[in-house]
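**Q** As given, the protein sequences belong to chains A and B, one line each in that order. Count along the first sequence starting at 1, add 65, and that's the number in our numbering. Count along the second sequence starting at 1, add 22, and that's the number in our numbering.
It cannot be assumed that every hint is accurate.
Which stretches of chain A does chain B cover? Using the computed rule of at least three CB atoms under 8 Å from a CB of chain B, they are [to be verified]:
no.	stretch
1	82-91
2	141-147
List of simulated lysine-lysine pairs, BS3-like, C-alpha gap at most 25 Å [claimed, not checked]:
no.	chain 1	residue 1	chain 2	residue 2
3	B	142	A	124
4	A	161	B	62
5	B	142	A	175
6	B	77	B	62
7	B	62	A	110
8	B	123	A	161
9	B	97	A	110
10	B	167	B	218
11	B	123	A	162
Keep in mind the hints are simulated off the structure, nothing from the lab. The beta carbon of each residue, even a glycine, is placed where N, CA and C say it ideally should be.
This is what each chain is made of:
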Amino acid sequence: MRKLCLATVVLATACGGAAVPQETLTAAKAAVAGAEVAGASSEPKAALHLKLAKEQLGKAEKLIADGDNEEASREIDRAQADADLAFSLAKEATAKKEASDTQEQLERLKQHSK
Amino acid sequence: MNRSFKIGSLLAIQALVGCSTPLPPQELLQARSAYNAASKSQASQLAPAQLDTAKQALEKAEATFKEEGDEPVTKDMAYIANIRAQIAVAEAGREQASRNKVKVDHDFRNSQLDALDSSKTALEAEKKARAEAEKARKAAEASLKEIAAIKEESRGVVITLSGSVLFATGKSTLLPIAQEKLSDVAKAIGDQGGYKSLLVEGHTDSQGSVDKNQQLSLQRAQAVRSYLITQGVPSDKIRAEGIGSSRPVADNGTAEGRANNRRVEIVVEPNK
Numbered sequence: 066m067r068k069l070c071l072a073t074v075v076l077a078t079a080c081g082g083a084a085v086p087q088e089t090l091t092a093a094k095a096a097v098a099g100a101e102v103a104g105a106s107s108e109p110k111a112a113l114h115l116k117l118a119k120e121q122l123g124k125a126e127k128l129i130a131d132g133d134n135e136e137a138s139r140e141i142d143r144a145q146a147d148a149d150l151a152f153s154l155a156k157e158a159t160a161k162k163e164a165s166d167t168q169e170q171l172e173r174l175k176q177h178s179k
Numbered sequence: 023m024n025r026s027f028k029i030g031s032l033l034a035i036q037a038l039v040g041c042s043t044p045l046p047p048q049e050l051l052q053a054r055s056a057y058n059a060a061s062k063s064q065a066s067q068l069a070p071a072q073l074d075t076a077k078q079a080l081e082k083a084e085a086t087f088k089e090e091g092d093e094p095v096t097k098d099m100a101y102i103a104n105i106r107a108q109i110a111v112a113e114a115g116r117e118q119a120s121r122n123k124v125k126v127d128h129d130f131r132n133s134q135l136d137a138l139d140s141s142k143t144a145l146e147a148e149k150k151a152r153a154e155a156e157k158a159r160k161a162a163e164a165s166l167k168e169i170a171a172i173k174e175e176s177r178g179v180v181i182t183l184s185g186s187v188l189f190a191t192g193k194s195t196l197l198p199i200a201q202e203k204l205s206d207v208a209k210a211i212g213d214q215g216g217y218k219s220l221l222v223e224g225h226t227d228s229q230g231s232v233d234k235n236q237q238l239s240l241q242r243a244q245a246v247r248s249y250l251i252t253q254g255v256p257s258d259k260i261r262a263e264g265i266g267s268s269r270p271v272a273d274n275g276t277a278e279g280r281a282n283n284r285r286v287e288i289v290v291e292p293n294k
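Please take these sequences and the hints and turn them into a complete structure.
**A** Here's what the structure looks like:
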């Protein structure tokens, strides 16, 4: 019984190829949403990588529909990386803006108390 | 010559064929240079974890290249490694910016405290100055009260000096004692500061002719004005008027009343 089970599993893997990369797909989609929320659309370089991530996800979904899960998985990995970069760039831009705003406030305060 | 050429080209061909490792794809070259740049940037201090992730991604791409050669999977790995290196740089930039902000926030708070301190100091100094001015004003008033009657009217502070102290009967020449008193008055007025102008009014009792009283009161007022100018009151800030007997303050029917009516009033007209 147990041996049969194992054999079935081996057979299934061998015949069906790679499984649908549902988990990484969901994670990459979440990463894209996260980058959007972080403001990636309003930061040119971040917007570029956000766009790339979305395109790659679109491609991946098409590949999954075509049954090419292995290649889809690679597109998803690329999308994840691009979405992560879009997020980091958006966050970096926000942090820089906050820092310069605070700096500006400081200058104004100094000017005011002169 | 010919032979050595043949050997040379043969070696070259052999070298080409013998080179079993294919050239790395463009993506891998880019990933290498991206990681190289990231590792030399501030990312090593500010985003070490992300830099390590980038390093691992590059190692994975290199291993895939070694095993698979220039295949799509190698390009994908290299692409991801390149992106990871950029993430490390971006995260380092973000960390640097947030550190800057923390520092500037700190400076901002300190500046605020400094501003608060200096405004407190300024406020205290002002309070002190005001208290001192008030003290000086009270002292000036007190010293004036010793030599003259002082009352506050709508036209200003009115300093009334008795005519008998200032002048001999019928005369408009200041007595020596009057000069002394007027010096004190001038000093007190000067201490008080902040007035717009001074008006010196001469008043008489009702004895004698109206014309004569009018003339005498003006001459007396002018005498006081002149003296006050010698004591430092600016001439354009002091006027003299003769009122005669038209504004008595007491009954002209008694000797005491008449004495009170013979007077010089100095009106300190305030700044409006």
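**Q** Is the hinted pair residue 161 (chain A) and residue 62 (chain B) satisfied, with a Cα-Cα distance of at most 25 Å?
**A** Given that 25 Å is the threshold and the Cα spacing comes to 21 Å, the pair holds.
**Q** So if I understand the rule, the pair passes when the alpha-carbon distance is 25 Å or less; does residue 167 (chain B) with residue 218 (chain B) pass?
**A** Holds, because 21 Å separates the two Cα atoms, which is no more than 25 Å.
**Q** Take the C-alpha atoms of residue 142 (chain B) and residue 124 (chain A), compute the straight-line distance between them, and say whether it is at most 25 Å.
**A** 66 Å, violated
**Q** Does residue 175 (chain A) sit within 25 Å of residue 142 (chain B), going by the straight-line distance between their CA atoms?
**A** At roughly 17 Å apart (the allowed maximum being 25 Å), residue 175 (chain A) and residue 142 (chain B) satisfy the hint.
**Q** Assess, step by step, whether the Cα of residue 97 (chain B) is no farther than 25 Å from the Cα of residue 110 (chain A), and give holds or violated.
**A** 22 Å, holds
**Q** For the stretch 141-147 of chain A, do three or more residues have a beta carbon lying closer than 8 Å to a beta carbon of chain B?
**A** holds (count 4)
**Q** Count the residues of the stretch 82-91 of chain A whose CB lies closer than 8 Å to any CB of chain B, then report whether that count reaches three.
**A** Since 0 is below three, the answer is violated.
**Q** Given the hinted pair residue 62 (chain B) and residue 110 (chain A), is their Cα-Cα distance within 25 Å?
**A** Holds, at about 22 Å.
**Q** Does residue 161 (chain A) lie within 25 Å of residue 123 (chain B) when you go C-alpha to C-alpha?
**A** 8 Å, holds
**Q** Regarding the pair residue 77 (chain B) and residue 62 (chain B), is the alpha-carbon distance no greater than 25 Å?
**A** Measuring from Cα to Cα gives roughly 13 Å; hence the hint holds.
**Q** Residue 123 (chain B) and residue 162 (chain A) were given as a pair; does the straight-line alpha-carbon distance stay at or below 25 Å?
**A** 9 Å, holds
When held up to the earlier numbered hints, the structure conflicts with 1, 3 and fits the remainder.
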